[in-house]
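Enquirer: From just these sequences and the hints, can you work out the full model?
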Amino acid sequence: MKISQKQNNDVTILDINGDIDINSSPEMREAFENIANAKTMKVVINLNEVSYVDSSGLATLVEMLKKTRSYGGKMRLASLAPKVKSLFEITKLEKLFDIFDTEEDAGVNF
Amino acid sequence: MNKKFFIPSDLKRIRQAVDEIIILLRGLHADESDTFDIRLCLEEALINAIKYGNKFDKNLDVLVECSCSENKISISVQDKGKGFDYSKIPDPTKEENLLVGHGRGVFLIKHLMDELRFNEKGNRLTMTKYLKRKIFKRV
Chain A
1 MKISQKQNND VTILDINGDI DINSSPEMRE AFENIANAKT MKVVINLNEV
51 SYVDSSGLAT LVEMLKKTRS YGGKMRLASL APKVKSLFEI TKLEKLFDIF
101 DTEEDAGVNF
Chain B
1001 MNKKFFIPSD LKRIRQAVDE IIILLRGLHA DESDTFDIRL CLEEALINAI
1051 KYGNKFDKNL DVLVECSCSE NKISISVQDK GKGFDYSKIP DPTKEENLLV
1101 GHGRGVFLIK HLMDELRFNE KGNRLTMTKY LKRKIFKRV
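Which chain is which? The protein sequence lines are A and B, in order.
At position 80 of the first sequence (counting the first as 1) the number is 80 in this note's numbering, and the numbers step up by one without a gap.
To convert a position in the second sequence, counted from 1, into this note's numbering, add 1000.
What the hints contain is simulated information worked out from the structure, not anything from laboratory work.
It should be emphasised that the depicted structure is a prediction, and the values quoted were computed from it without experimental measurement.
For glycine and all other residues, C-beta sits at the position ideal for the given N, C-alpha and C.
No false leads were slipped in.
A few chain B residues that don't get close to chain A, going by computed Cβ distances all over 12 Å:
no., residue
1, 1025
2, 1027
3, 1029
4, 1131
Derived BS3-like pairs (lysine-lysine); straight-line CA-CA distance at most 25 Å:
no., chain 1, residue 1, chain 2, residue 2
5, A, 85, B, 1094
6, B, 1012, A, 2
7, B, 1110, A, 92
8, B, 1080, B, 1003
9, A, 83, B, 1110
10, B, 1094, A, 83
11, A, 66, B, 1094
12, A, 95, B, 1094
13, A, 74, B, 1094
14, A, 85, B, 1132
15, A, 67, B, 1094
16, B, 1132, A, 83
17, B, 1110, A, 95
18, B, 1080, B, 1051
19, B, 1121, B, 1051
20, B, 1094, A, 92
21, A, 92, A, 42
Expert: Okay, structure coming up:
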């Protein structure tokens, strides 16, 4: 998994590249720690380069969302592959997350 | 076509085990969406077997048995644990469970596979998927 962070005005974007599974989830959690510790208010997780997520990956994203909400921040997901998006639909996590088609869309009207 | 192998209770060995089945399916030109579902379900079943069944005891193996015909694949995963009552897993899609960090593995298997059954003891699950595209034929 490769993770990079960038800034677009006041929105922090975390680009994830690779599978989010039981072995790689801790890496994503760790990368997110810095964002949460800085109490970043507007966070976009860009999943454009993610073609596979398992239940551990879903759980880690839920954990990240809870953490962001705990200090009053907002977290959005962007650019989900159709199969990955279907997992959010099946598990009803789509009700919990704000999901956008593109990173650009996710950064607007935060 | 049948395949049978054991893996130790080590989460780092899951990828290798799953790849054995996925490479086989890709070689047979299985549909990519089916392949995604089978990969995910096998991985979830192995995680549960290692974590909750064998409780990470690396001396205990997990058995994987796979049988494949032209339109379906069945995979069994068996651990050496005491067994588990899968009917007691809370529904992760209920409003009050959405923020819970676990409990989605078996739920996903139920949804992505066409059949799922457990042995009486609860330490072996068998999941079956009917394939969108027949395999064993060149496309």
